[in-house]
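Go ahead and model the full structure; you've got the sequences and the hints to work with.
FYI, the numbering for the sequence shown is 4 to 293, going by this note's numbering.
Be aware that a few hints might be false.
Below, in silico cross-link-like pairs of lysine to aspartate or glutamate (DMTMM-like), each with a Cα-Cα straight-line distance of 25 Å or less [to be verified]:
#1 Lys291 - Asp91
#2 Lys273 - Asp132
#3 Lys273 - Asp56
#4 Lys44 - Asp252
#5 Lys273 - Glu127
#6 Lys44 - Glu256
#7 Lys273 - Asp289
#8 Lys44 - Asp196
Note that these hints are calculated values from the structure, not bench results.
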Amino acid sequence: MTAAARGVTAAARGVTAAARARPVAKPRRRKLADPARSWAKRLARTRPDLVADVLDGLAAIYGRPAWRRNRGPTSQLVLTILSQNSADTNAERAFESLRRAFPSSEPAESHEAGHGWGGAGLPEGPPPDWLAVEQAPLAELVEAIRPGGLAQQKAPRIQAALRLIRAERGDHSLEFLGEMPALEARDWLTRIDGVGRKTASVLLLFSFGTPLMPVDRHVERVGWRVGLIPPRANADDAHELYLAMLEPDQMYEAHVNLITHGRQICHARKPECGRCPIASRCRYVDRKAP
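Below you can see the structure in the form of structure tokens.
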């Protein structure tokens with residue numbers, strides 16, 4: 004092999020080695036779109052002003068409810084657990100029974116029915132002794148909350164929630180949640196067994212005015228029928244969809260008025276569409292509604 008040929012071969016080897024040493028660029032991954040924000044943008048494009056028209060239409064008959072604090076957050080948590088799969092009136096009876104069975108010397112709390120609540124409210128009074136509730140024999144707690152229904156399931160759930168709060172915080176107060184960003188506070192609460200997005204959002208919205216949108220069966224049903232949320236969205240999806248389409252200062256009003264509408268007019272069976280102030284924009288009334 005001539006000297007020139009050897010030089011060419013060596014150069015080729017150098018190029019090959021350099022190519023092997025050079026890191027291969029990884030293809031860029033496309034950032035996945037947020038499904039909730041994508042839906043909100045699509046809704047605004049294909050059905051302009053739908054959210055505003057729904058809020059204005061409901062406000063015309065139900066008013067624009069203003070937030071104000073009612074009961075303390077730990078009482079709100081327990082009352083919300085008691086209301087799961089039960090009428091609000093039964094949850095109130097169970098909570099009142101809990102106050103009698105485990106009295107405390109804490110300052111009295113207001114327990115007005117408030118906006119969006121289906122019960123009659125309770126007399127002002129101290130919350131239960133939460134440590135006594137946490138440490139009570141299970142059978143005793145089951146008996147105390149029996150008026151609310153499903154006591155066998157709810158009693159251990161309440162005790163587990165109180166146990167976790169005290170283990171992490173040193174007491175049973177949830178006031179610290181009012182200082183946290185909305186989604187961080189919701190995530191903290193949903194670590195508690197039996198506390199989902201709806202229960203966490205109810206507590207935060209009603210106790211602190213945190214801009215979250217609890218979605219119960221009424222909010223979900225009205226949203227599906229009008230077309231605010233797609234028909235295949237599940238309850239967890241619906242929470243995120245409403246957060247994406249509503250402004251923070253609209254969430255309390257939207258939650259309260261959608262619940263009220265679902266209870267008074269947009270019933271699960273035989274909705275009274277002739278009385279509905281948003282019928283002209285409802286896809287249940289007209290599949291081609293704008």
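> Is the Cα-Cα distance between Lys273 and Asp56 25 Å or less?
Replying inline: holds (23 Å)
> Holds or violated: Lys44 with Asp196, Cα cutoff 25 Å?
Replying inline: violated (34 Å)
> Is the straight-line distance between the alpha-carbon of Lys273 and that of Glu127 25 Å or less?
Replying inline: violated (37 Å)
>> Does Asp91 sit within 25 Å of Lys291, going by the straight-line distance between their CA atoms?
In response: This hinted pair is violated, its Cα atoms lying about 36 Å apart.
> Regarding the pair Lys273 and Asp289, is the alpha-carbon distance no greater than 25 Å?
Replying inline: Satisfied, since the Cα-Cα distance of roughly 16 Å is no more than 25 Å.
>> So if I understand the rule, the pair passes when the alpha-carbon distance is 25 Å or less; does Lys273 with Asp132 pass?
In response: Violated, at roughly 44 Å.
> Going straight from one Cα to the other, do Lys44 and Glu256 come out at no more than 25 Å?
Replying inline: holds (21 Å)
> Within 25 Å, alpha carbon to alpha carbon, are Lys44 and Asp252?
Replying inline: holds (19 Å)
Of the numbered hints stated above, those contradicted by the structure are hints 1, 2, 5, 8, listed in ascending order.
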